[in-house]
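Chains as they are written, first to last, in UniProt numbering: chain A, 1 to 236; chain B, 1 to 129; chain C, 1 to 133.
If you're looking for bench data, these hints aren't it; they were derived computationally from the structure. Quick reminder that beta carbons are idealized off the backbone N, C-alpha and C, glycines included. One or more of the hints may lead you astray.
[To be verified] Computed cross-link-like contacts, DMTMM-like style, restricted to lysine to aspartate or glutamate with a CA-CA straight-line distance of at most 25 Å:
{"#": "1", "chain 1": "A", "residue 1": "K210", "chain 2": "C", "residue 2": "E96"}
{"#": "2", "chain 1": "B", "residue 1": "K125", "chain 2": "C", "residue 2": "E61"}
{"#": "3", "chain 1": "B", "residue 1": "K9", "chain 2": "A", "residue 2": "D79"}
{"#": "4", "chain 1": "B", "residue 1": "K105", "chain 2": "A", "residue 2": "D228"}
{"#": "5", "chain 1": "A", "residue 1": "K211", "chain 2": "A", "residue 2": "D79"}
{"#": "6", "chain 1": "A", "residue 1": "K235", "chain 2": "B", "residue 2": "D12"}
{"#": "7", "chain 1": "A", "residue 1": "K182", "chain 2": "B", "residue 2": "D12"}
{"#": "8", "chain 1": "B", "residue 1": "K105", "chain 2": "A", "residue 2": "E160"}
{"#": "9", "chain 1": "A", "residue 1": "K96", "chain 2": "A", "residue 2": "D179"}
[Stated by the list, open to error] Derived contacts from chain B toward chain A, CB cut-off under 7 Å, selection only:
{"#": "10", "residue": "Q7"}
{"#": "11", "residue": "P8"}
{"#": "12", "residue": "R10"}
{"#": "13", "residue": "S11"}
{"#": "14", "residue": "E13"}
{"#": "15", "residue": "P14"}
{"#": "16", "residue": "H91"}
[Claimed, not checked] Some chain B residues judged to face chain C by a derived CB distance under 8 Å, without partners named:
{"#": "17", "residue": "G24"}
{"#": "18", "residue": "A77"}
{"#": "19", "residue": "L114"}
The residues making up each chain are set out below.
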Amino acid sequence: MNKSISIARYHPEQDNQPRLQAYQVQSDHSTSVLDALLQVQQQDPSLGFRWSCRMAICGSCGVMVNGIPKLGCKTFLRDYPDELTVSALAHFAVEKDLIVDMQPFLQHLNAVKPYLINSEQSAEPHRQTPAQLAKYQQFANCINCGLCYSACPQFGLNPEFLGPAAITLAQRYNLDSRDQGKAARMPQLNGKNGVWSCTFVGFCSDVCPKKVDPAAAINQGKVASAGDFIISMFKS
Amino acid sequence: MKIETAQPKRSDEPIWWALFSAGGVCFAVVLPGAILALAILPALGLTTGDSLSYARMADMVYHSLWGLAGLAFVAAAICLPLFHAAHRIHHGLHDLQLGGGLASKLLCYGLAALTSATGVWLLVKAWVS
Amino acid sequence: MSDKPVSNKTAPGPYQPVMHRYWWLQHRYFRLYMLREATVLPLLFFIGCLLYGLYCLGQSEAQWQGWLAFMAQPWVVLLNLLAFIASLFHAKTFFELFPRVMPLAPAGFMIAGQWLATLLVAAGLIVILGGWI
Chain A
1 MNKSISIARY
11 HPEQDNQPRL
21 QAYQVQSDHS
31 TSVLDALLQV
41 QQQDPSLGFR
51 WSCRMAICGS
61 CGVMVNGIPK
71 LGCKTFLRDY
81 PDELTVSALA
91 HFAVEKDLIV
101 DMQPFLQHLN
111 AVKPYLINSE
121 QSAEPHRQTP
131 AQLAKYQQFA
141 NCINCGLCYS
151 ACPQFGLNPE
161 FLGPAAITLA
171 QRYNLDSRDQ
181 GKAARMPQLN
191 GKNGVWSCTF
201 VGFCSDVCPK
211 KVDPAAAINQ
221 GKVASAGDFI
231 ISMFKS
Chain B
1 MKIETAQPKR
11 SDEPIWWALF
21 SAGGVCFAVV
31 LPGAILALAI
41 LPALGLTTGD
51 SLSYARMADM
61 VYHSLWGLAG
71 LAFVAAAICL
81 PLFHAAHRIH
91 HGLHDLQLGG
101 GLASKLLCYG
111 LAALTSATGV
121 WLLVKAWVS
Chain C
1 MSDKPVSNKT
11 APGPYQPVMH
21 RYWWLQHRYF
31 RLYMLREATV
41 LPLLFFIGCL
51 LYGLYCLGQS
61 EAQWQGWLAF
71 MAQPWVVLLN
81 LLAFIASLFH
91 AKTFFELFPR
101 VMPLAPAGFM
111 IAGQWLATLL
121 VAAGLIVILG
131 GWI
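In isolation and in its complexed conformation, chain A is listed as follows (with noise of 0.2 Å):
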């Protein structure tokens, strides 16, 4: 079957802005939005768009679909029996076409410092019993694929805001019985920016692709930060 799709194309050297530009392909009942992309790409060598691994792990393919965070490889034509718009992810400056720069997706994550933090030096295992790792398993889901943030208006609003996926792996770190790293990550939270800029819209539980519930983590994060905020007051 054949099927029409319109991507917006942005060339840096040349457009002040996106632009669209309509594609024929041809569609079954297993094609992609990136299977679609890669046709196109057959056609229009000059496509840009970033993917690897085709089977939603790696988080790469993230575009926005009619205008909603998607990942090109888990969305499929076939639900989109009218028209179809592939456009670069909201919120993030576009480099060329459907890539934009997730640098600033990536500071926010550093930021948060997203790693076990264990000043114990011992050989043995840091043993887990199940229930410590039903603590933070969901949140320990993320793929960073960025699509919470293309869905998150306050990140669009104000930039400088954390967002979704950093502060979700604050809290998936800050849940874990082998970190000791809340004290160094609680800063980070307790900011502006952090925590306090969500207003649970709710929309990056929505798109995340691992249900990993980030507006969730958010707002249990707001708990945690309130309770820092009485400590704090009882500190000095």
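Following the hints, complete the assembly by docking chains B and C onto the known chain A.
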């Protein structure tokens, strides 16, 4: 580009968020019943006789449970919901790119505090007189 | 980083998207979010009614009767009906978010418990203020 190593200043949002949350609970749990009992059912004539008479209401608001019932009602139906509303309007102004800075913060929470104080004052004034 | 889009391309660089004021009209999800935030507007009207009533109660019996007459006016009843609907919509969203912020028990159990609390408070207020006890 921002240097991420600098430690950000602690936000005072926990105070406003706590008031917002408490007000949100009141808005969800107390207000539906309060609006029904005070504004909708009486207007539809679905109350018994003189249930909202001056004598009965004055007694209930000022004297039941040593005046604590009235105070609890003012806190749960007026003061906390006011801070809930102030918080949502403050952040809503930011969403609409109309504010969200210090000015809207002072205006929203300031008005909520002032109006709350007026509610409590109306109660206390009747007690002392 | 490039500047905001201008009519003539002066230098090569990435496109910096700009958020316009009415971003929330674009999707149903964002419209519902704004509707949730806007529930406080009719709430403010009802709070105004309460403060006015509290003032009248402190003045005189005649003033109080005046407040009761004010509350019975169709436009006031209509706005308070809107406040009632807003409170229920707020409650629905608030009760659904609460178990995600504080996962103390299974979500369905917590949501049912919160609605039960609303129902009990409403029943109590109606019985007391309606003059049934």
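Taking the hints in turn, this is what the structure says about them:
1. Taking the CA atoms of K210 (chain A) and E96 (chain C), the gap is near 21 Å; set against the 25 Å cutoff, the hint holds.
2. For the hint linking K125 (chain B) to E61 (chain C), the alpha-carbon distance of about 16 Å falls within 25 Å, and the restraint holds.
3. Restraint check: the Cα-Cα separation between K9 (chain B) and D79 (chain A) comes to about 46 Å, which exceeds 25 Å; the hinted pair is violated.
4. In summary, the hint linking K105 (chain B) to D228 (chain A) is supported, as the alpha carbons are separated by about 23 Å, within the 25 Å threshold.
5. For the hint linking K211 (chain A) to D79 (chain A), the alpha-carbon distance of about 20 Å falls within 25 Å, and the restraint holds.
6. Straight-line distance between C-alpha atoms of K235 (chain A) and D12 (chain B) comes to about 16 Å, which keeps the hinted pair within the 25 Å bound.
7. With a C-alpha separation of about 20 Å, the suggested pair K182 (chain A) and D12 (chain B) falls inside the 25 Å cut-off, and the hint holds.
8. With a C-alpha separation of about 20 Å, the suggested pairing of K105 (chain B) with E160 (chain A) holds against the 25 Å cut-off.
9. Of the pairs offered as hints, the one joining K96 (chain A) and D179 (chain A) is violated, with about 40 Å between alpha carbons and a cut-off of 25 Å exceeded.
10. Restraint check, Q7 (chain B) versus chain A: the minimum CB separation of about 5 Å is within 7 Å; hint holds.
11. The beta carbon of P8 (chain B) is positioned within 7 Å of a beta carbon in chain A (closest approach about 3 Å), and the interface hint is therefore held.
12. Because the smallest distance between the Cβ of R10 (chain B) and any Cβ of chain A comes to about 5 Å, under 7 Å, the interface hint for this residue holds.
13. For S11 (chain B), the shortest C-beta to C-beta distance to chain A is roughly 4 Å, which falls under 7 Å, so the interface hint holds.
14. Taking 7 Å as the C-beta contact cut-off toward chain A, the hint placing E13 (chain B) at the interface holds, the least distance being around 4 Å.
15. Among the interface hints, the one on P14 (chain B) holds; its C-beta lies about 4 Å from the nearest C-beta in chain A, closer than the 7 Å criterion.
16. The criterion of a C-beta within 7 Å of any C-beta in chain A is met by H91 (chain B), whose closest approach is roughly 5 Å, and the hint holds.
17. Below 8 Å, beta-carbon pairs count as interface contacts, and G24 (chain B) has one with chain C at about 5 Å; its hint therefore holds.
18. The beta carbon of A77 (chain B) comes within 6 Å of a beta carbon in chain C, closer than 8 Å, and the hint placing it at the interface holds.
19. A least Cβ separation of about 12 Å between L114 (chain B) and chain C goes past the 8 Å threshold, and the interface hint is therefore violated.
Violated hints, in rising order: 3, 9, 19; the structure is consistent with all others.
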